[in-house]
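K.L.:
Sequence:
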Amino acid sequence: MLDGKTILITGASSGIGAAAARLLADTGANLMLAARREDRLNELRSSLPHASNRIALFVGDVCDTTFSEASVKATLDAFGGLDGAFNNAGTLGEMGPVPNMSMETWNHVVATNLNSAFLAAKYQIPAMRERGGGSIVFTSSFVGHTIGFPGMAAYAATKAGLIGLTQVLAVEHGPENIRVNALLPGGTKTEMGGDDPAFREYIAGLHALKRMAEPEEIAKAAAFLLSDASSFVTGSAMLCDGGNSISKG
Numbered sequence: 001m002l003d004g005k006t007i008l009i010t011g012a013s014s015g016i017g018a019a020a021a022r023l024l025a026d027t028g029a030n031l032m033l034a035a036r037r038e039d040r041l042n043e044l045r046s047s048l049p050h051a052s053n054r055i056a057l058f059v060g061d062v063c064d065t066t067f068s069e070a071s072v073k074a075t076l077d078a079f080g081g082l083d084g085a086f087n088n089a090g091t092l093g094e095m096g097p098v099p100n101m102s103m104e105t106w107n108h109v110v111a112t113n114l115n116s117a118f119l120a121a122k123y124q125i126p127a128m129r130e131r132g133g134g135s136i137v138f139t140s141s142f143v144g145h146t147i148g149f150p151g152m153a154a155y156a157a158t159k160a161g162l163i164g165l166t167q168v169l170a171v172e173h174g175p176e177n178i179r180v181n182a183l184l185p186g187g188t189k190t191e192m193g194g195d196d197p198a199f200r201e202y203i204a205g206l207h208a209l210k211r212m213a214e215p216e217e218i219a220k221a222a223a224f225l226l227s228d229a230s231s232f233v234t235g236s237a238m239l240c241d242g243g244n245s246i247s248k249g
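Those letters in the sequence shown? Residues 1 to 249, by my numbering.
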């Protein structure tokens with residue numbers, strides 16, 4: 001359902017973003033893969049030789065206020081339009097209690113997770129309007145929505161803020177056939193989550209399935225929201241959390 005569609009993915013160099021790139025490459029979609037690490041992006045494209053002519057790269061940092069406008073322009077230049085965007089880039093930031101948190105830490109997390117989403121919508125929506133519609137997906141989190149973890153105030157606040165942004169954008173642009181949804185993964189095996197076995201075991205235990213997600217599992221949910229398979233889904237905070245939100249044991 002994404003064959004011939006053009007999708008922009010941020011945070012594409014690793015984790016969920018890279019998994020989404022690999023999955024969508026197999027659907028026939030054109031992909032603009034955006035991230036800070038050019039070497040990782042080149043490695044990812046090289047690993048997808050069957051789709052290399054449908055993959056373009058954009059190197060930049062979502063904290064840069066010019067990133068969103070420039071990445072959309074690069075997508076239009078490469079493929080002539082924009083049909084969907086998986087705004088996946090994010091950061092945990094330096095963890096700690098609020099009284100000990102610096103403004104620098106707070107502002108960095110807000111810029112990465114929330115300001116970047118505002119700017120993404122600002123420039124992606126007009127491009128999708130020109131195509132007669134499209135789908136925007138933001139990576140939010142169960143943190144700040146169904147659970148609070150000590151030391152994660154900035155992360156939780158920004159990820160919760162994405163849900164509010166999603167709802168308003170969905171209402172504002174639904175009449176233009178532009179759908180906007182937030183995807184809320186559970187604990188996922190990515191670099192951001194670290195590789196400490198004891199910590200991963202603890203996180204796995206928070207889920208009804210008693211395990212963490214593979215990045216590919218979250219990517220499948222993102223692909224659903226980007227595709228016409230979810231044509232009547234908008235404004236949602238879609239949990240893909242392995243039952244984290246309902247597990248108390």
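Because the hints were derived from the structure by calculation, they are not lab data.
Being a predicted model, the structure only gives us computed values, none of them experimental.
Glycine included, C-beta positions come from ideal geometry on N, C-alpha and C.
Treat the hints with care, as some may be off.
In the DSS-like style, the derived pairs of lysine-lysine whose C-alpha atoms are separated by at most 25 Å in a straight line are [unchecked claim]:
(1) 73 / 122
(2) 210 / 220
(3) 210 / 248
Pair by pair, the computed Cβ-Cβ distance ranges are [what the hints assert, rightly or not]:
(4) 216 / 38: 19 to 27 Å
(5) 228 / 168: 21 to 29 Å
(6) 80 / 200: 16 to 24 Å
K.L.:
Hints first: check each against the structure and report whether it holds.
P.N.:
We went through each hint and held it up to the structure:
1. With a CA separation close to 13 Å, the supplied pair residue 73 and residue 122 stays within the 25 Å bound.
2. A threshold of 25 Å between alpha carbons decides the hint, and for residue 210 with residue 220 the separation of about 20 Å falls inside it, so the pair holds.
3. Distance restraint check for residue 210 and residue 248: the Cα-Cα separation of roughly 11 Å lies within the 25 Å cut-off, and the hinted pair is therefore satisfied.
4. A hinted range of 19 to 27 Å for the beta carbons of residue 216 and residue 38 is consistent with their spacing of about 24 Å.
5. At roughly 23 Å, the beta carbons of residue 228 and residue 168 sit within the given window of 21 to 29 Å.
6. The hinted range of 16 to 24 Å is not satisfied by residue 80 and residue 200, whose Cβ atoms lie roughly 43 Å apart.
Checked against the numbered hints given earlier, the structure breaks only hint 6 and satisfies all the rest.
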